[in-house]
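Colleague: Chain by chain, the residues run as shown.
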Amino acid sequence: MLSSKVTCNSHGQDSSYFLGWEEYEKNPYDEVKNPNGIIQMGLAENQLSFDLLESWLENNPQPAAFKDHNNQSIFKELALFQDYHGLPAFKNALVKFMSEIRGNTVSFDTNNLVLTAGATSANETLMFCLANPGDAFLIPTPYYPGFDRDLKWRTGAEIVPIHCSSLNGFRITKSALEEAYKQAEKQNLKVKGVLVTNPSNPLGTSLSLHELDLLVNFISSKNIHLISDEIYSGTVFSYPCFTSIMEVLKNRNLMNTEIAKRVHIVYSLSKDLGLPGFRIGAIYSNDELVVSAATKMSSFGLISSQTQHLLSEILSDKKFTKSYLLENRRRLKERHEMLVKGLQKTGIRCLQSNAGLFCWVDMRHLLSSNTFEGEMELWKKIVYEVGLNISPGSSCHCSEPGWFRVCFANMSEETLILAMQRVQSFVDCMAKKSMQSRHQQLLQRNSRRSKSLPKWVFELSFNQREITADER
Amino acid sequence: MGYNLLSKIATNNGHGENSPYFDGWKAYDANPFHPQNNPEGVIQMGLAENQLSFDLIQEWIKANPNASICTPQGASGFKETAIFQDYHGLPAFRTAVANFMNRVRGNRVKFDPDRIVMSGGATGAHETLAFCLANPGEAFLVPTPYYPAFDRDLRWRTGVELFPVVCESSNNFKVTREGLETAYEKAKLDNIKVKGLLITNPSNPLGTFLDRNTLKDVVSFINEKNIHLVCDEIYAGTVTNGDEFVSIAEVIKEEPKCNLDLIHLVYSLSKDMGFPGFRVGVVYSYNDNVVNIARKMSSFGLVSTQTQHMLASMLSDDKFIENFISESRIRLARRHEMFTRGLAQVGIGSLESKAGLFFWMDLRRFLKEPTFESEMTFWRVIINEIKLNVSPGQSFHCSEPGWFRVCFANMDDETTLIALWRIKTFVRKNRNLEIKTMKQYWQNNQPLMLSSRRYDDILTPHRISPHSPLASPMVRAQN
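Keeping their order, the protein sequence lines are chains A and B.
Residue numbering for the first sequence is 1 to 472, as defined by UniProt numbering.
Residue numbering for the second sequence is 1 to 479, as defined by UniProt numbering.
Hints are not guaranteed to be accurate.
As the list claims (entries may be wrong) - In the BS3-like style, the derived pairs of lysine-lysine whose C-alpha atoms are separated by at most 30 Å in a straight line are:
1. Lys368(B) <-> Lys76(A)
2. Lys368(B) <-> Lys387(B)
3. Lys96(A) <-> Lys79(B)
4. Lys368(B) <-> Lys381(A)
Just so you know, the hints here were simulated from the structure itself, not pulled from any lab data.
Bear in mind the structure is a predicted one, so any value in this text is a computation, not a measurement.
With the hints as extra help, turn the sequences into a complete structure.
Modeller: As structure tokens, then:
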């Protein structure tokens with residue numbers, strides 16, 4: 001009776017990424033009311049800089065009261081404004097803000113900008129524009145779990161992973177790109193493009209110049225599109241600086257070429273400004289056909305004019321945006337360090353990262369077996385016993401078990417410290433158990449010891465776990 | 001080469017904007033009426049907006065600073081609101097919307113806030129329901145004439161088809177059981193799988209609403225055929241006498257045999273409250289699966305929590321809402337009457353209607369021939385000589401030429417008088433244009449020549465046109 005879209009589960013919400021949330025909802029941590037509840041570390045939100053926004057609002061009462069600079073009421077005009085080209089004042093402010101984030105190395109044209117209800121809508125809309133049902137986009141793993149829904153569900157498009165490995169810090173390689181393309185061909189899927197998130201979710205790293213060049217070369221040779229989801233561009237808090245794909249095109253003198261027309265950026269204010277509730281997303285494309293089609297499609301998810309107006313006022317305040325970006329980065333860096341150092345103390349390493357609202361954490365040494373079942377087992381322990389909702393790598397399609405995404409910007413400092421304490425206890429406990437079981441195993445082995453195996457073999461296997469923990 | 005790199009959807013005409021009807025919009029954009037700055041300009045009467053009651057809203061906003069999360073009074077809610085992205089929506093918002101929907105229907109029904117699913121306007125709601133209820137290639141029956149953008153909203157990205165249920169002027173374009181059966185059978189003959197029926201009640205463009213018996217017929221029809229019923233009640237609050245309006249929600253209470261899994265409602269605040277800019281659409285389904293999945297799909301078009309917050313406050317203010325609903329109805333009725341009375345003075349009739357933001361004007365006797373080509377020709381006369389942008393019936397897939405939709409609620413009283421004056425002047429000057437009286441029309445028994453264009457090529461630009469707000473101060477301010 002219902003469509004196949006209803007009865008399938010391409011909405012992806014049966015994945016563990018969402019199940020962890022459900023568990024958190026059932027038993028959420030609260031400092032006072034529920035101190036033993038689950039701490040939410042699976043939500044990539046930026047809650048560190050609301051005070052800055054709040055003080056701006058205090059000093060700028062007009063936009064709140066639907067008034068313009070002459071104190072005239074603009075309520076009616078806003079309430080009626082449904083033009084899918086968007087509020088010009090807002091678009092002007094937004095492109096300048098996007099430029100500012102990129103150190104003003106590139107500038108953006110409002111005519112190439114399409115407003116959408118969040119990056120969720122932007123990504124789906126781009127898929128509708130670039131891919132027919134059954135066409136595929138290549139995406140480096142690990143990637144944001146929501147892409148399975150956003151890119152595939154209603155569009156009928158497919159995702160083929162570009163496998164990245166911990167051996168080189170999950171960087172994109174030429175061979176991985178080629179391999180993914182071949183895989184798609186084997187599955188009879190027409191590849192329409194590559195989609196990258198830069199800075200990466202869940203890795204928290206910004207793409208290197210080398211990777212960006214590889215991507216440009218690849219899409220050029222295959223004659224396909226490149227979507228660069230730069231939703232975390234404002235969260236880059238340490239070296240190396242963020243390089244947008246647009247900058248690469250500019251530096252390579254490709255700006256007015258056919259290649260540039262196949263490069264599209266997705267942006268949003270959900271992460272940089274911490275305003276996911278306001279549903280502010282955007283597509284930026286150099287191809288006027290894409291802009292035209294996407295603009296019409298944005299009818300299905302426009303940004304509330306009330307919100308466009310408020311943000312146009314905030315983002316036009318250059319003094320504010322400058323100080324906000326600086327302070328926000330500083331706080332993210334500080335918080336990131338807290339998490340990294342906190343985990344380090346427990347013997348857990350993170351992938352070295354310079355951006356994002358999370359760390360990509362290496363817990364391979366805590367797995368009972370180097371499998372995804374082992375990862376699930378560990379994850380369940382962490383959710384239910386340790387009381388932390390973190391995201392298992394498998395939900396991000398990571399090809400190696402044992403990695404977890406842990407968010408650090410959606411809670412208070414105190415809560416983060418508590419989370420670290422819980423991890424410490426857990427690791428201590430696991431180490432004890434592990435020691436006990438190894439001790440027992442050794443005893444058993446010693447008692448059945450075969451004369452054909454020398455002593456050192458056993459000693460080596462005993463030390464293996466510690467070695468793995470120290471590996472980068 | 002560029003075209004091959006994009007999807008079929010991006011490069012086809014499913015968005016419906018490549019139609020000749022943009023002439024009306026272009027004429028308006030190039031020469032928009034302004035009482036002081038451009039008194040000879042084209043008056044916009046193709047835009048179904050409700051601008052008559054903003055003063056009431058503005059008063060409320062001023063008196064309720066805590067409804068905004070940005071004022072000192074409301075700022076304590078800023079952070080929680082800004083980070084709230086749960087697609088269930090703010091509970092207070094859903095409760096308030098349900099409350100408003102109840103009151104628009106005189107509290108004769110009680111909507112369940114947990115069934116309220118957000119969408120990017122009614123536009124998003126229709127597309128979402130099409131995605132949920134039909135697979136590509138399957139069809140919805142839609143009575144003609146209907147809102148042009150349905151062709152885009154229900155078909156463009158979903159691959160779903162629309163199949164017309166032809167309604168005729170001989171019985172005032174009423175939906176009848178026979179009409180539904182005929183359409184259903186015709187679709188079957190054409191090998192089209194019908195999944196549902198979409199009705200807009202009150203109707204756009206007719207401004208009429210279905211009576212209780214017709215609604216019961218509709219319910220019985222869809223149950224018998226086991227197809228879905230989508231009721232777009234976006235104009236429910238524009239009914240002059242609110243007590244006369246019967247919502248599908250009321251009818252199903254009286255039809256215990258109705259399979260509730262087939263019943264779905266679309267609503268929005270764009271018409272009743274005049275808030276198209278805030279993108280508040282609602283999918284309301286009696287089918288739990290649909291609620292569930294539509295809610296997941298709402299991720300693609302959630303309502304800004306800033307807006308949810310404000311409306312939660314406004315729509316739960318019962319005293320304000322009751323007053324607004326009744327005052328808005330009075331003003332709409334008054335304006336409607338201004339027009340119909342003025343037009344009657346020069347012998348121009350319209351379909352009798354007691355709802356909507358427009359009326360369905362009968363200009364058949366002004367057509368050279370009862371053809372759609374003649375309708376287009378006359379439409380150009382209206383735009384270029386009378387200088388009014390109205391919408392020709394063929395853009396609504398009307399089966400008979402000569403009908404035009406005229407919007408009346410998107411202007412002030414002075415502009416209304418000017419528009420009326422222009423029409424009257426034109427009619428008086430051009431008596432010879434009235435080629436046929438109604439009697440001659442029927443006597444000559446000319447076969448209706450339907451346009452050779454397929455239904456899916458015919459569209460007007462209201463609500464999907466980007467152009468109307470060029471006159472908006474919000475745009476002028478920046479350009």
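Colleague: State for each hint whether it applies.
Modeller: Verification of the hints:
1. Under the criterion of a C-alpha separation no larger than 30 Å, the hint pairing Lys368(B) with Lys76(A) is inconsistent with the structure, at around 42 Å.
2. Only pairs whose Cα atoms come within 30 Å are accepted, and Lys368(B) paired with Lys387(B) is accepted, the gap being roughly 20 Å.
3. Restraint check: the Cα-Cα separation between Lys96(A) and Lys79(B) comes to about 25 Å, which is no more than 30 Å; the hinted pair holds.
4. A threshold of 30 Å between alpha carbons decides the hint, and for Lys368(B) with Lys381(A) the separation of about 81 Å lies outside it, so the pair is violated.
When each numbered hint is compared with the structure, violations occur for hints 1 and 4.
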